[in-house]
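If you want the building blocks of each chain, they are given just below.
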Amino acid sequence: MKEIRDTGLIQDEPLIFERGSKGRRGYSLPGWDVEKVDPDRFIPPHLLRGELEGFPQVSEIDVVRHFTRLSQWNYGVDSGLYPLGSCTMKYNPKVNEEAARMPGFSLPHPYQPETLSQGILRLMHELERSLAEIAGMDHVTLQPAAGAHGELTGMMMVKACLQARGDKRTKVLVPDTAHGTNCSTSTVASFQMVGLTSNERGVISPGRVAEKMDEDVAAIMVTNPNTLGLFEENLAEIAEIVHRKGGFVYCDGANLNALMGIVKLGDLGVDVVHINLHKTFSTPHGGGGPGAGPVAIKKELAPYLPVPVIEKSDGMYRFNYERPHSIGKVRAFYGNFGILLRAYAYILTMGPEGLRRASEMAVLNANYLMHGLKGAYHLPYDRPCMHECIFTDRLQEKSHVSTLDIAKRLIDYGFHPPTIYFPLVVKGALMMEPTETESKENIDRFIQTMIQIAREAEEQPDLLRQAPQRVKVRRLDEVLAARKPKLKWTNRG
Amino acid sequence: MGDFSRYIPHTEADCRDMLESIGVQKVEDLFKAIPEKYRMKGTLNLPEPLSEPDLLRRLQALQSPAVPGDGSSHFLGAGAYHHFIPSVVSSLISRSEFYTAYTPYQPEISQGTLQAIFEYQTLICQLTGMEVSNASMYDGASSLAEAVLMSQRMTKRKKVLLSQAVHPEYQTVIRTYIDPDQQEIVTIPYNKKEGRTDEEALSRLLSEEVGAVVLQSPNFFGVIEDLGPIGEKVHRAGGLLIAGFSEALAYGILAPPGVSGADIVAGEGQSLGIPVSFGGPYLGILTTQEKYVRNMPGRLVGETVDLDGKRGFVLTLATREQHIRREKATSNICTNEGLCALMATIYLSCLGKEGLREVALMNLSKAEYAKKAVSKVKGCSLAFSSPTFNEFVIKIEREPEEVLKVLAKDKILGGLSLARFYPELNRHLLVTVTEMVMKKEIDCWADALERALK
Numbered sequence: 001m002k003e004i005r006d007t008g009l010i011q012d013e014p015l016i017f018e019r020g021s022k023g024r025r026g027y028s029l030p031g032w033d034v035e036k037v038d039p040d041r042f043i044p045p046h047l048l049r050g051e052l053e054g055f056p057q058v059s060e061i062d063v064v065r066h067f068t069r070l071s072q073w074n075y076g077v078d079s080g081l082y083p084l085g086s087c088t089m090k091y092n093p094k095v096n097e098e099a100a101r102m103p104g105f106s107l108p109h110p111y112q113p114e115t116l117s118q119g120i121l122r123l124m125h126e127l128e129r130s131l132a133e134i135a136g137m138d139h140v141t142l143q144p145a146a147g148a149h150g151e152l153t154g155m156m157m158v159k160a161c162l163q164a165r166g167d168k169r170t171k172v173l174v175p176d177t178a179h180g181t182n183c184s185t186s187t188v189a190s191f192q193m194v195g196l197t198s199n200e201r202g203v204i205s206p207g208r209v210a211e212k213m214d215e216d217v218a219a220i221m222v223t224n225p226n227t228l229g230l231f232e233e234n235l236a237e238i239a240e241i242v243h244r245k246g247g248f249v250y251c252d253g254a255n256l257n258a259l260m261g262i263v264k265l266g267d268l269g270v271d272v273v274h275i276n277l278h279k280t281f282s283t284p285h286g287g288g289g290p291g292a293g294p295v296a297i298k299k300e301l302a303p304y305l306p307v308p309v310i311e312k313s314d315g316m317y318r319f320n321y322e323r324p325h326s327i328g329k330v331r332a333f334y335g336n337f338g339i340l341l342r343a344y345a346y347i348l349t350m351g352p353e354g355l356r357r358a359s360e361m362a363v364l365n366a367n368y369l370m371h372g373l374k375g376a377y378h379l380p381y382d383r384p385c386m387h388e389c390i391f392t393d394r395l396q397e398k399s400h401v402s403t404l405d406i407a408k409r410l411i412d413y414g415f416h417p418p419t420i421y422f423p424l425v426v427k428g429a430l431m432m433e434p435t436e437t438e439s440k441e442n443i444d445r446f447i448q449t450m451i452q453i454a455r456e457a458e459e460q461p462d463l464l465r466q467a468p469q470r471v472k473v474r475r476l477d478e479v480l481a482a483r484k485p486k487l488k489w490t491n492r493g
Numbered sequence: 001m002g003d004f005s006r007y008i009p010h011t012e013a014d015c016r017d018m019l020e021s022i023g024v025q026k027v028e029d030l031f032k033a034i035p036e037k038y039r040m041k042g043t044l045n046l047p048e049p050l051s052e053p054d055l056l057r058r059l060q061a062l063q064s065p066a067v068p069g070d071g072s073s074h075f076l077g078a079g080a081y082h083h084f085i086p087s088v089v090s091s092l093i094s095r096s097e098f099y100t101a102y103t104p105y106q107p108e109i110s111q112g113t114l115q116a117i118f119e120y121q122t123l124i125c126q127l128t129g130m131e132v133s134n135a136s137m138y139d140g141a142s143s144l145a146e147a148v149l150m151s152q153r154m155t156k157r158k159k160v161l162l163s164q165a166v167h168p169e170y171q172t173v174i175r176t177y178i179d180p181d182q183q184e185i186v187t188i189p190y191n192k193k194e195g196r197t198d199e200e201a202l203s204r205l206l207s208e209e210v211g212a213v214v215l216q217s218p219n220f221f222g223v224i225e226d227l228g229p230i231g232e233k234v235h236r237a238g239g240l241l242i243a244g245f246s247e248a249l250a251y252g253i254l255a256p257p258g259v260s261g262a263d264i265v266a267g268e269g270q271s272l273g274i275p276v277s278f279g280g281p282y283l284g285i286l287t288t289q290e291k292y293v294r295n296m297p298g299r300l301v302g303e304t305v306d307l308d309g310k311r312g313f314v315l316t317l318a319t320r321e322q323h324i325r326r327e328k329a330t331s332n333i334c335t336n337e338g339l340c341a342l343m344a345t346i347y348l349s350c351l352g353k354e355g356l357r358e359v360a361l362m363n364l365s366k367a368e369y370a371k372k373a374v375s376k377v378k379g380c381s382l383a384f385s386s387p388t389f390n391e392f393v394i395k396i397e398r399e400p401e402e403v404l405k406v407l408a409k410d411k412i413l414g415g416l417s418l419a420r421f422y423p424e425l426n427r428h429l430l431v432t433v434t435e436m437v438m439k440k441e442i443d444c445w446a447d448a449l450e451r452a453l454k
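Going line by line, the protein sequences match chains A and B. Here the first sequence stands for residues 1 to 493, where the numbers follow our numbering. Here the second sequence stands for residues 1 to 454, where the numbers follow our numbering.
The shape of chain A in the complex, shown without the other chains:
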């Protein structure tokens, strides 16, 4: 018999495949009101399958307890402060969840007649207009399912526009303070990435852009505020340099939470920007999606928008597919509607005043946090930040304690760690973004904890190296996982 351990409320929980028993069921289906057919009568036997080998056979309560226990080993925004830099882990309002579950939103079919979808199309159209207003752009597509998907869509539009001009450019400039997805997006969109080094102030200098900018550069991909939490103060000047040589300015809008109602990216010369609704506009991250990554563009790129485009005429909303220059589609149907409507609800709740307040308090929180940790941790760029701040483990090096150890120790204190070892331009980075939804007390407690950890690093460094202790599992062997990949359960163990 297997030994039973006293795990308290952190229950042990096997895989779903290791639970249950033959013949147990957890489902209920509509009653049979037609004859149950013998599949062999309609489908040749070689096209039919045998048993679903390995599939679970569990009761409903087995399923409920299983996933309830799994959830208890997780940490979400609802559990506490989640200062993950560049991820904007703000509170996800519950009313938006309720809205997404309204039957008139969760059940409609994408191919139902447009006459039945007028409210839905109106919602999408108004969301497009709101996002265009916030970003200072002309048009928006809601189709992309995530930020990186938006990047790809945006770069495809840039490519199509250049091609229409008969201009085949091959390069894209990406600064070292951009998101990792920007590099891979430029490759997936078949451009060659050219790196750009940020200056000693942590921003891009126009001079360096001018050096690299030529008639073969399709675009520059700038994250603003950048991954150092700094506003790209020269962006307007950089945009002019890029435009003069016929290139486009792509802005990664993942950090838009710092800017709403304060500055419009379009006014800075940005031609394309994607917006992560699951960051700035409060839709939940879902443990890794679904998100939504609408793309806002200037007029010049409008002919290349993915189809369909929502239009309003004679008081009716319609999908328009007749767009000969469109890049096509980046996914089926129209976008992650369930996410779009949550963002729409958020914008309606906040209004212009609330959105501006959100950005102001996000920036206030980040600066307050930065100020509180100064001295205890090394601050590579010591000036006011935007929505996030970056520290490093340099002061802890003498105790042979690393950023990873600091992050893991935070877990023992009941906090989610910050983003670590990113951006790459800062060695041993700890990137923290508290967001506006955290109160002063929460941030104070986090600051005190971080200071205590810095003290522990000097006095009891093993506490950090052995962390976390108070969790379901301790540090995991990632090397083993990669060397001998075990990517699924098998009944052979």
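One should not assume that every hint holds.
[As the list claims (entries may be wrong)] Calculated lysine-lysine pairs in the DSS-like style (CA-CA distance at most 30 Å, straight line):
#: 1; chain 1: A; residue 1: 312; chain 2: B; residue 2: 409
#: 2; chain 1: A; residue 1: 427; chain 2: B; residue 2: 328
#: 3; chain 1: A; residue 1: 484; chain 2: B; residue 2: 37
#: 4; chain 1: A; residue 1: 486; chain 2: B; residue 2: 291
#: 5; chain 1: B; residue 1: 41; chain 2: A; residue 2: 298
#: 6; chain 1: A; residue 1: 36; chain 2: B; residue 2: 376
#: 7; chain 1: B; residue 1: 193; chain 2: B; residue 2: 454
#: 8; chain 1: B; residue 1: 371; chain 2: A; residue 2: 440
#: 9; chain 1: A; residue 1: 299; chain 2: B; residue 2: 41
#: 10; chain 1: B; residue 1: 37; chain 2: A; residue 2: 298
#: 11; chain 1: B; residue 1: 372; chain 2: A; residue 2: 36
#: 12; chain 1: B; residue 1: 378; chain 2: B; residue 2: 395
#: 13; chain 1: A; residue 1: 212; chain 2: B; residue 2: 37
#: 14; chain 1: A; residue 1: 298; chain 2: B; residue 2: 32
#: 15; chain 1: B; residue 1: 395; chain 2: B; residue 2: 405
#: 16; chain 1: B; residue 1: 233; chain 2: B; residue 2: 159
#: 17; chain 1: B; residue 1: 310; chain 2: B; residue 2: 328
#: 18; chain 1: A; residue 1: 374; chain 2: A; residue 2: 299
#: 19; chain 1: A; residue 1: 36; chain 2: B; residue 2: 233
#: 20; chain 1: B; residue 1: 156; chain 2: A; residue 2: 168
#: 21; chain 1: B; residue 1: 371; chain 2: B; residue 2: 405
#: 22; chain 1: B; residue 1: 26; chain 2: B; residue 2: 41
#: 23; chain 1: A; residue 1: 212; chain 2: A; residue 2: 299
#: 24; chain 1: B; residue 1: 372; chain 2: B; residue 2: 193
#: 25; chain 1: A; residue 1: 171; chain 2: A; residue 2: 486
#: 26; chain 1: B; residue 1: 439; chain 2: B; residue 2: 371
#: 27; chain 1: A; residue 1: 94; chain 2: A; residue 2: 264
#: 28; chain 1: B; residue 1: 291; chain 2: B; residue 2: 371
Since the hints were derived computationally from the structure, they do not count as laboratory data. Every value quoted in this text rests on a predicted model; they were computed, and no experiment measured them.
Go by the hints and put chain B onto chain A.
Relative to chain A, chain B alone:
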């Protein structure tokens, strides 16, 4: 301050204290890095904030007026299917430890998400008959497009044969995703009698330049393709077989593409417990064989042990991914459809071995009943002779949009006119019958068709 301040906890006193600690006078001082001339002078031109009850009232009014369960009948599918979703699914994914968490980069406090994805990967391998599944893609269409890009990395060949019977929107997405300098799409026509991909045409088009052949089964017409012999031919020519799908529940009874020789299987998992929700969010499924795993896009979760030797799960083989490999990554995907993958995991766990077979059988049975009913309708016939699962195409002797309008008067969404996607099928409707359509609704639908075609 408006009701929105319930999401922003700062009092005036908090702000004062915080500003004082930082050593600035006012919040605007923190924004000095933004050149003065670009800072907004006025406010955003957006509607004034709404309270929670007013917001709900506003949203209620925007809902679609005809949805399943309100007395209307639904025969629409084509990549978005109305299936029964057990209450357990919504209840469990509403646990906010799941839905308010980020991607599980910190495994020690993300074991719930990680174990669930590991279970998802296992279930999807079992369902599709493949060896490795990733943690999800955006949707079926983009997943199939990523499969096409993946095949190019593997074979370095230029041509892709794409069946005309693949969902037309998926075809468009593939064409949008590929780089015409790297890949060229050649269409394989469908057999006009059978509704399957034309095997003879496929044989003629196959050559050593062909890197991948892309089929969907059941295809857009609902017809089950015979992948086995096609797979053999493709492999003899040194290419890869990519099997797409839009109706994952079909594999409750149909042979999974893995046993028919598919090298990559990519499609839509919406049927597995995810609401129709006007087209998204859905679940992109992508599976392959073990030997191709390093070419695969997207995240993977693997089993390992912790310092005490206890089983645990981590994100693994990340050297394929954008955050490590940057411009050399296999894809730029980062955020995927995690919560939808969790829905599918819970759904498949509930249904289990027997339930999945039964629900698939119920779909087949109802669709066959509907086929029989419709074949008695004058002016109406089945368009294709091949076996189908829960969708089929009918040919009618009247303008389809007019017929659909007549049916709509009886609150019946009677099918999808195919003229928009296939000009030659301008008297054709794609009809979907899931387990949620009752026998008496099928009878009413057939009667309404009869009347409309008189």
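Each hint, compared with the structure:
Between residue 312 of chain A and residue 409 of chain B the alpha-carbon distance is near 25 Å, which keeps this suggested pair within the 30 Å criterion. Between residue 427 of chain A and residue 328 of chain B the alpha-carbon distance is near 22 Å, which keeps this suggested pair within the 30 Å criterion. With a CA separation close to 57 Å, the supplied pair residue 484 of chain A and residue 37 of chain B exceeds the 30 Å bound. This hinted pair checks out: residue 486 of chain A and residue 291 of chain B have alpha carbons roughly 13 Å apart, not beyond 30 Å.
A distance of roughly 21 Å separates the Cα atoms of residue 41 of chain B and residue 298 of chain A; the hinted pair therefore holds under the 30 Å criterion. A hinted pair counts as satisfied when its Cα atoms are at most 30 Å apart, and residue 36 of chain A with residue 376 of chain B qualifies at roughly 20 Å. Distance restraint check for residue 193 of chain B and residue 454 of chain B: the Cα-Cα separation of roughly 26 Å lies within the 30 Å cut-off, and the hinted pair is therefore satisfied. Straight-line distance between C-alpha atoms of residue 371 of chain B and residue 440 of chain A comes to about 65 Å, which puts the hinted pair past the 30 Å bound.
With a CA separation close to 23 Å, the supplied pair residue 299 of chain A and residue 41 of chain B stays within the 30 Å bound. Restraint check: the Cα-Cα separation between residue 37 of chain B and residue 298 of chain A comes to about 21 Å, which is no more than 30 Å; the hinted pair holds. The suggested pairing of residue 372 of chain B with residue 36 of chain A holds, with an alpha-carbon distance near 14 Å, which does not exceed 30 Å. Simply put, residue 378 of chain B and residue 395 of chain B have alpha-carbon atoms about 11 Å apart, close enough for the 30 Å limit, and the pair holds.
In summary, the hint linking residue 212 of chain A to residue 37 of chain B is supported, as the alpha carbons are separated by about 27 Å, within the 30 Å threshold. Of the pairs offered as hints, the one joining residue 298 of chain A and residue 32 of chain B holds, with about 27 Å between alpha carbons and a cut-off of 30 Å not exceeded. Straight-line distance between C-alpha atoms of residue 395 of chain B and residue 405 of chain B comes to about 16 Å, which keeps the hinted pair within the 30 Å bound. Under the criterion of a C-alpha separation no larger than 30 Å, the hint pairing residue 233 of chain B with residue 159 of chain B is consistent with the structure, at around 15 Å.
For the proposed pair residue 310 of chain B and residue 328 of chain B, the alpha carbon gap of about 34 Å is over 30 Å, so the pair is violated. With a C-alpha separation of about 45 Å, the suggested pair residue 374 of chain A and residue 299 of chain A falls outside the 30 Å cut-off, and the hint is violated. About 36 Å separates the Cα atoms of residue 36 of chain A and residue 233 of chain B, which puts this hinted pair outside 30 Å; it is violated. The suggested pairing of residue 156 of chain B with residue 168 of chain A holds, with an alpha-carbon distance near 23 Å, which does not exceed 30 Å.
Straight-line distance between C-alpha atoms of residue 371 of chain B and residue 405 of chain B comes to about 21 Å, which keeps the hinted pair within the 30 Å bound. As the CA atoms of residue 26 of chain B and residue 41 of chain B are separated by approximately 17 Å, the hinted pair is consistent with the 30 Å bound. The straight-line distance between the Cα atoms of residue 212 of chain A and residue 299 of chain A is roughly 27 Å, inside the 30 Å bound, and the hint therefore holds. The hinted pair formed by residue 372 of chain B and residue 193 of chain B meets the criterion: a straight-line CA distance of about 19 Å does not exceed 30 Å.
In summary, the hint linking residue 171 of chain A to residue 486 of chain A is not supported, as the alpha carbons are separated by about 39 Å, beyond the 30 Å threshold. A C-alpha spacing of about 12 Å is found between residue 439 of chain B and residue 371 of chain B, which places the hinted pair at or below 30 Å, so the restraint holds. For the hint pairing residue 94 of chain A with residue 264 of chain A, the CA-to-CA distance comes to about 29 Å; that is within 30 Å, so the pair holds. At most 30 Å may separate the alpha-carbon atoms for a hinted pair to count; residue 291 of chain B and residue 371 of chain B exceed this at roughly 42 Å.
Hints 3, 8, 17, 18, 19, 25 and 28, counting from the list given before, are not met by this structure.
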